[in-house]
Each structure stands twice: as structure tokens, then as C-alpha cells.
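Since the structure of chain H is provided, determine the placement of chain R on it from the hints.
Chains as they are written, first to last, in our numbering: chain H, 1 to 145; chain R, 1 to 385.
Accuracy of the hints is not assured; some may be wrong.
[Unchecked claim] One side of the interface only, derived from the structure: several residues of chain H facing chain R at Cβ under 7 Å:
1) Ala134
2) Ala135
3) Val141
The hints are simulated quantities; they were obtained by calculation from the structure and are not laboratory data. Note that the Cβ used here is the ideal one computed from N, Cα and C, for glycine as well.
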Amino acid sequence: MRRRLAASPRPCTASASAAAIAAHGVRVMRVGLLYPMDPSDLRELADGVDEVLVVEEKRPFVERFLKEALFDAPVRPRVLGKTDEQGRPLVPAHGALSVDDLVPLLAARIGVEPEMFARPTHRPPRRSITVAQAAGLAALVEPDQ
Amino acid sequence: MNTLPLPKRASVVIIGGGVQGLSVAFNLVERGQKDILVLDAGYWQGGASGRNGTLIRPGFASVPWTELFILTVDEWRSWSKRLGENVMFTQRGYSVVSEAEKSEAMLLEGLKVQQSLGVNSRMLSRREIDDLLPAINKARVRAVQHQPDGGVAPHHAVMKGLLAFCQRNGVDVRYRTKISGLERTGPRVSAVLAGDHRIEADCIVSCAGPNNPDIAAMAAVPLNGFGMRIEAMALEPTRPLIKPAIALIDSLAYFHQTARGEVVGGTEVPERPRMSLKVDVPVMANMAKVYLEMFPQLGEVRILRHWAGQFHASTDYAPLLGEHPDLKDLWFSAGWSYGFAGAPAAGRLLAEAIAKGRIDRRMKPFALDRFEKTGPIVEGGIVLA
Numbered sequence: 001m002r003r004r005l006a007a008s009p010r011p012c013t014a015s016a017s018a019a020a021i022a023a024h025g026v027r028v029m030r031v032g033l034l035y036p037m038d039p040s041d042l043r044e045l046a047d048g049v050d051e052v053l054v055v056e057e058k059r060p061f062v063e064r065f066l067k068e069a070l071f072d073a074p075v076r077p078r079v080l081g082k083t084d085e086q087g088r089p090l091v092p093a094h095g096a097l098s099v100d101d102l103v104p105l106l107a108a109r110i111g112v113e114p115e116m117f118a119r120p121t122h123r124p125p126r127r128s129i130t131v132a133q134a135a136g137l138a139a140l141v142e143p144d145q
Numbered sequence: 001m002n003t004l005p006l007p008k009r010a011s012v013v014i015i016g017g018g019v020q021g022l023s024v025a026f027n028l029v030e031r032g033q034k035d036i037l038v039l040d041a042g043y044w045q046g047g048a049s050g051r052n053g054t055l056i057r058p059g060f061a062s063v064p065w066t067e068l069f070i071l072t073v074d075e076w077r078s079w080s081k082r083l084g085e086n087v088m089f090t091q092r093g094y095s096v097v098s099e100a101e102k103s104e105a106m107l108l109e110g111l112k113v114q115q116s117l118g119v120n121s122r123m124l125s126r127r128e129i130d131d132l133l134p135a136i137n138k139a140r141v142r143a144v145q146h147q148p149d150g151g152v153a154p155h156h157a158v159m160k161g162l163l164a165f166c167q168r169n170g171v172d173v174r175y176r177t178k179i180s181g182l183e184r185t186g187p188r189v190s191a192v193l194a195g196d197h198r199i200e201a202d203c204i205v206s207c208a209g210p211n212n213p214d215i216a217a218m219a220a221v222p223l224n225g226f227g228m229r230i231e232a233m234a235l236e237p238t239r240p241l242i243k244p245a246i247a248l249i250d251s252l253a254y255f256h257q258t259a260r261g262e263v264v265g266g267t268e269v270p271e272r273p274r275m276s277l278k279v280d281v282p283v284m285a286n287m288a289k290v291y292l293e294m295f296p297q298l299g300e301v302r303i304l305r306h307w308a309g310q311f312h313a314s315t316d317y318a319p320l321l322g323e324h325p326d327l328k329d330l331w332f333s334a335g336w337s338y339g340f341a342g343a344p345a346a347g348r349l350l351a352e353a354i355a356k357g358r359i360d361r362r363m364k365p366f367a368l369d370r371f372e373k374t375g376p377i378v379e380g381g382i383v384l385a
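So here's chain H without its partners, still in its complex pose:
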């Protein structure tokens, strides 16, 4: 089984989802402190995986530290972050990253449907309707006379 790995400097994954992605051979390292970062931690994390996906907001700091740490390693996994292996944009470099942005991205990388990862939520299902939906009821419901 191919093993992949996602490193995230931001805690944005609930533990239930972490277990779900672990089942697909994904390891997660949550980076608390950006600098200084121990290269041996990064090498240990990358050991035996095919691919490392670095998830960080804005510019690729962790991604570059990781590439530097792996430069002299005999076997180097592919490192993906701001761009994929073909140089196309992958993790957005603008705005805040949300679960909604990352789930499809990660699901595509490991080849599963995004629905595999239930989004953590504490909100009850929304029962309220929008102004436009309510306006659509205007001619349908008999007014109270």
C-alpha cells in the first residue's frame, strides 16, 4: 500500500477525520512551531512514504524546510504544497484554508470520494429558509383572512 502523508502547520483536522485518513495510509504531523524546525523530525515523518502534502496558509515555509531536510536523503518522497508535481496550483496561497477547501483536495490525492470524510460539525441541520424561498411561497399559501 502506498503511504502518503500530510503535514499541516494549523490544527484544522478533527481527530475523527484523522482516524479516517489514517485508514487510507495517511500520516499527519501537526506543526506547532514554524521555526526552528528539527530536520530529523521531518525526515522521520517522510520515511517510507511516497508523497508529502504540505498544507499551510500563504507562502510555503514548511514546504521549503521539508525539501531542505530531505535534500541529501537517499530516498526522497515527492513534496507537494503550493503546487502539484506538474507545477499546477494545489493548496491555495491566498485567504484562510478551511475544511471545505482541503477535503476535496486531499480526497483527490488519495483517490477517494470527498464524502468519505464526514465534515465535523456541531450545528444542527438548518431548517430556516431564505428570503427568496419565502417570497416564493407568497402566491402558494392562502392568507389568513
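Relative to the frame of chain H, chain R by itself:
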């Protein structure tokens, strides 16, 4: 909460602990009145004082309304200072929007009245409409009368300020205390009955909102009007979209966007006596339709809450202010359809009349017997059917 037994007598008993009743109490305290008792059958802010649209404006289309509401805006401006509590009155402006020729003419007539009485009010040019109301559907707008001194005051802040002031100043305020009758002695009302308990009073002020007709019935005197239900709704918060408070006189709707971004407002419902707090889906649908037509960007916004409130509708929708012509010492602040906005003026005028015996000329047109004597007040500038 006061759990002591009810007193045996009070100088003034106010029936109703909403914004009207507490405003009367506050103004009486300022005039040195002691032994004030406020009785309310319901809970704090449970009536229209906690359910209204919170809109305030000085200018209408008739002299009596405009004079009363100029006074009320002046009072609103000084309330935070006088109460020692921030009532959060903000003069963000109030725009009255016309969609038809007839209502435009009414706005122009009203403008003359307002300007002759010194209200800061003007008709907006198309360009000013673009600046002030960028999100409004301009195809629907025929004319806009703008009153920069109008605005809003969140009712929770107002009610908290009034109650805190009253409690600090020895006013005995009792919620969940229903009265069962009024006692008459000769030409005057002399006591309030709460079950077996009798409270003698020099003066009784009914500020009972939709229940005012019931209070009049307890005293066996007639009172114009009936209790009526209207509805309002709040949308989920959005970024600032609408700056001034808005009244749509043809669509019969009024709303504003609160400081936290919710659009709160209401539309009118068929007028008939209804003592119920049940909401009606078609009313919400109609309200949503008006929003969607006038502010298309609100289409995607969800409706958070939809509720009903009650008020006392008089024949001309104008307040009934003053002593009852048939029964001495029984006063009313009743018939209100703009009661939240008008409460500061009403409290002041009634307190002056009760404590000092001075009937202000601004209160006289709203006398309870106007229908028999001078006829109803004709006011085209109110958003009511």
C-alpha cells in the same frame, strides 16, 4: 424581583410595565412623584416593547403627529443621560420610500408640514438615493423623503435602562401581577383590584397596549379601538447593506439593519381584532417578497426568526393620550401604533399632566374623545393599512 406583598395604596398606579408605562414612571420620578406602583400581567419585555421594529422618526404628514414626534426625538436624545443608562439611540437617519404617484404627493405635502415645524427633512435626488441606499432596487423607487434625525434604539437596551432607573428610584415594578378590576367612587376611579387585594390610588394610568380596551371595560367606560396583531421577522446577519431605517409606504413595510447586521422589520397584516401571538406563513412570505423586490441582494439571506406582537389599534391609528372624559383620575396612553418611538414623548406629556396638572398643547389633539368632538386625526404618513 420584588416579592414583598403588594402595597395597600399608591399615589400613581401604572397598569403595564412596557416602554409606555415605564416612561410614565420615569418622567413622574423626575417630577418628584413618590409611591409609584407599576403592575404588569406578563413578563418584562414580553409585550410589544420587546417585539417592535425599534424605528424612530420625527416627521409625519400631519401637524399633531409631527409635533408629538419632534418632542419624542428630542426626548430620545436626552434619555441615556437622564436615565444614567445607555439606551443606544442612534440617529442613523430614516428614509420614507414612495413607489407611487399618490404617496409621493403625500411625502411632498408632509415635507412642507415637517419643514414648517423645523424638522430636518428633505427629498433625496436620484444621486443622493444612489449614495445613501446603494442596494435598493431603484426601478421601484419613485421618491425618498429622508429624515437624518430619525434612527433606531434597540428595545432591550431601552427597557433595561428604564427598569434599572425605576428600581434605583424606588418605583415598585411588579411583573406577573394581573389586575382583576378597577373600583369607582363617584366620578373618579379610586382603586385597583388584584384578586382579593385592593390598592387605593390617587391616579391610575393605563398603558396596557392591546389590553387597554379590557382595562377600560373594567372601569365600565368606553374606549375607541381594539387589540390587533402584527408580525415581524429578523434575517441572519450580513455585512452592512442598509444604512438608514426604511419605511416603504406603498408596500406597507418597515425595517432596518441592526448594528450586528440582522435586517429586522415587519409588514402589515389585514386589520381586525386579533389577540394572538401566532404567526402566519403568508405574512412572512409577503414580507420576504417585499424585501426581495426592494433589496434583491437579500434573496439568499436566511430568515432567522418570525414573530408576532400586539398593539391597540384606534380608528385613526393615532394614540389616545390623556384622562378619560367620563372618569376622573383614569389616564390612558393607548391606541399606539408607533408606541415604542412615541413613548418618551407620551411619558413626559402624561407625567406633566398628572404631576403638574398641565395639559400640553401637543397632547390635546390626541384626547380620548376626539372622535366625538373634533374627528379623527388624518395622517397619511404612517405605514399602516
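Right, here's what the structure says about each hint:
1. Contact between Ala134(H) and chain R, as hinted, is supported at the beta carbon level, the nearest pair being about 3 Å apart and thus within 7 Å.
2. Look at Ala135(H): its Cβ gets to within about 4 Å of chain R, closer than 7 Å, so that hint holds up.
3. Proximity of Val141(H) to chain R holds as hinted, the smallest CB-CB distance being about 5 Å (cut-off 7 Å).
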